[in-house]
Structure formats: structure tokens, C-alpha cells
Amino acid sequence: MLPKGKLPVVVIACQVLEEMLDRLLPEHGRSVSQVTFMDYGLHRVPSKMAGTLQEALGKVEEPSLIVLGYGLCGNGLMGLKAGKHTLLVPRTDDCIALLLGSYKAYRHEFATVPGTYYLSKGWLEAGSHPLSEYEEYLPKYGPKEAMWIMDMQYQNYERLMLVTHTPADLVEYRPAAQQVARFCERWEMRYEERVGSDAYVRQLVEAAMALSQGEELSQAARRDFIVIPPGSEIHQDQFIR
Amino acid sequence: MSDILEQVSTAIIEGDLDEIVDLTEDALDEDLGAEEILNGGLMAGMDYVGVEFKAGNMFVPEVLRSARAMKMSMEILNPLLVESGVQMMGKVLLGTVKGDLHDIGKNLVGMMCEGAGFTVKDLGKDITPEEFVEAVKEFGPDVLGMSALLTTTMRTMESTIKVLEEAGVRDKVKVMIGGAPVTQAFADQIGADGYASNAASAAELAKQLVSQA
Chain A
1 MLPKGKLPVV VIACQVLEEM LDRLLPEHGR SVSQVTFMDY GLHRVPSKMA GTLQEALGKV
61 EEPSLIVLGY GLCGNGLMGL KAGKHTLLVP RTDDCIALLL GSYKAYRHEF ATVPGTYYLS
121 KGWLEAGSHP LSEYEEYLPK YGPKEAMWIM DMQYQNYERL MLVTHTPADL VEYRPAAQQV
181 ARFCERWEMR YEERVGSDAY VRQLVEAAMA LSQGEELSQA ARRDFIVIPP GSEIHQDQFI
241 R
Chain B
1001 MSDILEQVST AIIEGDLDEI VDLTEDALDE DLGAEEILNG GLMAGMDYVG VEFKAGNMFV
1061 PEVLRSARAM KMSMEILNPL LVESGVQMMG KVLLGTVKGD LHDIGKNLVG MMCEGAGFTV
1121 KDLGKDITPE EFVEAVKEFG PDVLGMSALL TTTMRTMEST IKVLEEAGVR DKVKVMIGGA
1181 PVTQAFADQI GADGYASNAA SAAELAKQLV SQA
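Chain order of the listed sequences is A and B.
When we follow our numbering, the leftmost residue of the first sequence carries the number 1, and every step to the right adds one.
When we follow our numbering, the leftmost residue of the second sequence carries the number 1001, and every step to the right adds one.
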């Protein structure tokens, strides 16, 4: 059962959504009581994600509607307990759907070329991409060995895709993305660009506002979002569409 | 453990290519049997790598290097093992299901299984149920490992198991599954024999499944 009445809204999200949420949340003024952005690197060790997020949840004192700006993230969210809070989570495997603008858009891209490596403004700024990975291995292993490690991981990828939310960002981040693309040419990965949309994240914020006011989610919203009532926890099967 | 086996094991853990071939030959020169070197040196090293990887103390590059060192040593030992009629662990067939590419994890599973003494055949990515059936018939694996990266493609594992049943080969192999969104509950639900959350556990699971057969 969802709690009756109004709940304060708290956002706990991955840094990759920071720019979008920073822009979208103020539209709802004071209704959001707290926003925390978590480190990009959290998804690299999914087994430690739930623990770290549980800790962040534990710091929220008042029973709240907690918006989680995450996907299932390699089962990283599995086992996260709502406790006294209500949780709202996008029903998606990972953040790519949130960057592209919808789950459908992600499915389309995945079905077209499953072996796609995605780049976003956030990932480029955080240095999370194959080129920076190579540069990280270089001093430790030397050029030949570092490249072998890269080959072993990426040789079957086919496409590198830069996803931004505005055409202006595309222009701004293109040089950095193309630098990564040139590096990835050794695996014959082709470079593509998409102007994604903030629609999915916008719907997330709207769903949060509705729930916090004690309103029900629309049928469409129930397809795209998971609501975890107090006392329950997140399971993997909730993410299966 | 003898000094030389300890050195072999350390070279595996460190992924030391310069040393591993010489050390393997040194061990043979000391009259150690190929099986003894495999168990006491190579597998001892890979077991350690598996534990440290699972614990998050070793990472993908290190595991790749260890697995490659293992492979180089095995190239020397394999003919001797075959000659002396040593029973290998068995055969593992791997593949990522249709519509999916889950390469890094699956490749590591292959390497860790080789490290555990299995003969491994990797079909690669985007494998249709029919291709799996064909490969099971041809290769005759003890264990079939399937992986998927997304909740959407994960379901193809279920249909692949159904096609294996229809083709009458399901009871010839143990099926293990893995990949980012996969869970034990899902494995149970679709009638797989096991699930592993990482490459080291997958090799362990393969050993367990073979001993059950």
C-alpha cells in the first residue's frame, strides 16, 4: 500500500543524469526537498551498488518519495529496501534509455546494433570510455600489452554512439567523441550521433510529482516506472517488460 | 608445494608471460608430471585469481593476463596430458543468445573454464537456438553456458532451452546462464541448471554441474 497524503520528494541519482535533472527539477520549485548525485563509477561494481544506495537512503530521515535515477544496472539495484520510504524507479536496464529519451528508442538501437558503445556528455567528462581506459593501462602495462587488453574487450563492438540532448551539445562534444572514435577504428567500430531527448527523465520527474501529491500513476507511466511501497524491496523481475 | 610449482602458480597469478613457458619447462625437467603441474601450479594459480576477482581485488585486465599465461602453459602440457590419458574436466560450450552481444563477461567465463581444466568452445555472439542445438550435437559439451545483456534478450535463453528440448538434446547437457540482468530466480524459472554472477563463479559452477552428471 502506498502512503496516503503528501510526501516530500528526494532525488538520488547517478551523476550521468545531473545536467538533465538540474534543469528539470527547478520547474517544480520547492517540492523537491533534497537532491543527491552519486559517483559515476558506482555501476562498475554492481554488487556494491545496492549497499551504497541503501546508505544514501538511510540518511533520509522523513518518510519520503525517493526518486532513483538509475536502471537495473547489472542487478545493482536488486535487494534495495524501501524501508519507511516509497521508491520510484525507471523500468529500464540501464541509463541508455534515459539518455536516448525512451525505452523504445533504446530497444530500437540495441536491436539494430547490439554491439554499441554509448558515449554521453557525462561519460566523456568523467573519462569513462575506451580511450581513457587505454590511457589508464598504458603506464602500468606498456603500449603493446595495454592494447591487447583493449582488443580482448572491445574487438567485437561494432558501433560507437554519441548521445546528447541538444544539437548544441552535439557540436560541443563532437571533437572529444571523435577522438574516441578514431581510437576505436582499430576494431572497425563506426561512429554515429543521436540527439536524444529528456522525455524519459521528464516523465520520471512528473511521475514523482504526481505520486508525492497522493495521485495515481497513469497506465502509461506504470509501464515505464516501478513503484516500491514502504517495507518492500527491489527485485529484478520488476524490470522485465 | 614444491618451489617450482609455487613459481608456476605465481607466474599465473601475475600473468607473467616472460616466465610461464620457461617455468613450465623447468617443472617438466624436474620430472614433475603434466597433471601435477596442471593441478598444483596452473589451477592453484587460477583458483586464487578466481577468488580475488570475485572479491573485487583483481580486475578484468589482470584476469585476462592470468588466463593467457595459463593458456601458454597449457599449450606445452596438453599433448603430454593427452598422451598420458588424463581425464580433463569436460567440455564447455559458450554463446551469447540471439540479438545480443555480451562479449567481455562471456570471454572471461571461457578463460576461467579453461583455467579450471575444461575444453572450451565459444560460439560467439548473436547465436540462434538452432545454432546452439547444432553445436551441442557436434561438439557434445557437458555444459552449455548462455549469456545475455538485457532483460529483453534474456528471454531468448528460455526459448533456446525449449528448442534444445524439442531437438531432444536438453538432457545431454547441463545449462548454465549468466549476464548483467540474470538471477538465480530467473534460472530456476526457465529450467536452467545453474546461474553464476561472475566468471570465476561460472567456472566453479561448471565443475559442480559436471560432478553431478
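If you are wondering where the hints come from, they were derived from the structure by calculation, not from laboratory data.
There could be a bad hint or two in this list.
To be verified - Output of the computed footprint for chain B on chain A, the stretches with three or more beta carbons under 8 Å from beta carbons of chain B:
#, stretch
1, 77-88
2, 196-205
As the list claims (entries may be wrong) - Distance condition first, Cα-Cα at most 27 Å in a straight line; then the derived DSS-like pairs of lysine-lysine:
#, chain 1, residue 1, chain 2, residue 2
3, B, K1091, B, K1162
4, B, K1125, B, K1207
5, B, K1054, A, K48
6, B, K1121, A, K140
7, A, K144, A, K48
8, B, K1098, B, K1121
9, A, K104, B, K1207
10, A, K104, B, K1125
11, A, K59, A, K84
12, B, K1172, B, K1121
13, B, K1098, B, K1162
14, B, K1162, B, K1071
15, A, K144, B, K1071
16, B, K1098, B, K1137
17, B, K1207, B, K1054
18, B, K1054, B, K1137
19, B, K1121, B, K1162
20, A, K6, A, K48
21, A, K140, B, K1137
22, A, K81, B, K1098
23, B, K1172, B, K1162
Just so you know, even glycine gets a beta-carbon here, dropped at the ideal spot from N, CA and C.
Of all the hints given earlier, name the ones this structure violates by number, lowest first. 1, 2, 6, 7, 9, 14, 18, 20, 21, 22
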